[in-house]
Amino acid sequence: MNQNKDLIVSSQIEIDNKISKYKGMKVSELKESLSMPLKDNKASFVQLAKKMMGITNNKFGLCDNRVDAVLKTVRLTGMETPAEAMSFMPVDFKEWSEALSWESSSLYRYFNEKTLLLFIFQQYPTGKRVDDSEMTFLDAKVWKMSEYDLNHGLKEVWERVRYLINEDKLEITPVKQKNGKIINKNNLPSGQFNTLGHLRPGAINGDDKVLLTTGQRIVKQRFWFNNEYVKEIIDL
Numbered sequence: 001m002n003q004n005k006d007l008i009v010s011s012q013i014e015i016d017n018k019i020s021k022y023k024g025m026k027v028s029e030l031k032e033s034l035s036m037p038l039k040d041n042k043a044s045f046v047q048l049a050k051k052m053m054g055i056t057n058n059k060f061g062l063c064d065n066r067v068d069a070v071l072k073t074v075r076l077t078g079m080e081t082p083a084e085a086m087s088f089m090p091v092d093f094k095e096w097s098e099a100l101s102w103e104s105s106s107l108y109r110y111f112n113e114k115t116l117l118l119f120i121f122q123q124y125p126t127g128k129r130v131d132d133s134e135m136t137f138l139d140a141k142v143w144k145m146s147e148y149d150l151n152h153g154l155k156e157v158w159e160r161v162r163y164l165i166n167e168d169k170l171e172i173t174p175v176k177q178k179n180g181k182i183i184n185k186n187n188l189p190s191g192q193f194n195t196l197g198h199l200r201p202g203a204i205n206g207d208d209k210v211l212l213t214t215g216q217r218i219v220k221q222r223f224w225f226n227n228e229y230v231k232e233i234i235d236l
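By our numbering, the letter at position 166 of the sequence shown is numbered 166, and the numbering carries on one by one without gaps.
Hints are computed from structural coordinates only; laboratory data are not their basis. One or more of the hints may lead you astray.
What the hints assert, rightly or not - BS3-like mimics (lysine-lysine), calculated; alpha carbons at most 27 Å apart, straight line: (1) K181 / K231; (2) K209 / K181; (3) K18 / K31; (4) K59 / K23; (5) K51 / K155; (6) K155 / K23; (7) K59 / K18; (8) K94 / K220; (9) K39 / K51; (10) K31 / K5.
Said to hold, decoys possible - Have a look at the derived ranges for each label pair, beta carbon to beta carbon: (11) L38 / E167: 49 to 57 Å; (12) E80 / K176: 37 to 45 Å; (13) Y163 / A203: 19 to 27 Å; (14) K220 / T81: 39 to 47 Å.
Where is the CB? At the ideal position from N, CA and C, for every residue including glycine.
Using the sequences plus the hints, can you model the full thing?
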């Protein structure tokens, strides 16, 4: 575990050396200095982070490839809270429900093996909503999930999903909205389930569904970190 901590510290130093000159710059200034198009879109934050790092892929190595890193971006509101939850992998319900142990599951292996590099951008401190190009690059943080969170908060989400599938307790309820549109509610772990993470749709549209072993069809889901958990990470 100490070796892990040393690698995280070394990785942070490596990152700081690369990005310290960019801290405090606005997105528009960064794009200009890095010769990037000024056109705004959500993905441009990721492109910007990759350009600052001099990498072409979201997955890369740190500390002579001893650290298996994944790039993520965080946008903070003026109140210094993350503007949104953080999206990860699509949920493979078959694999989640059939895994022989927590340690052999894809969810455990991902967060046990990967280290996140979070590029943090912030709106004006007044809380006033500003254009993306006016947001400021604050910092980049190297983070790895603790053993405790792996085996408690994260595992709880996995166990709950397994229970609902394997015990045939998953409820999918069609709900008619005011505009007449039908959406399907479910009892998968939501943002209120625990402080760490939840599931939510990650489909192309409402018809992009997967067939479960229960015989039910559900809109494809992704695993997400809760806003408050992302805030905990960047506040560490």
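Violated hints, by number in ascending order, as checked against the structure: 1, 5, 6, 10, 14
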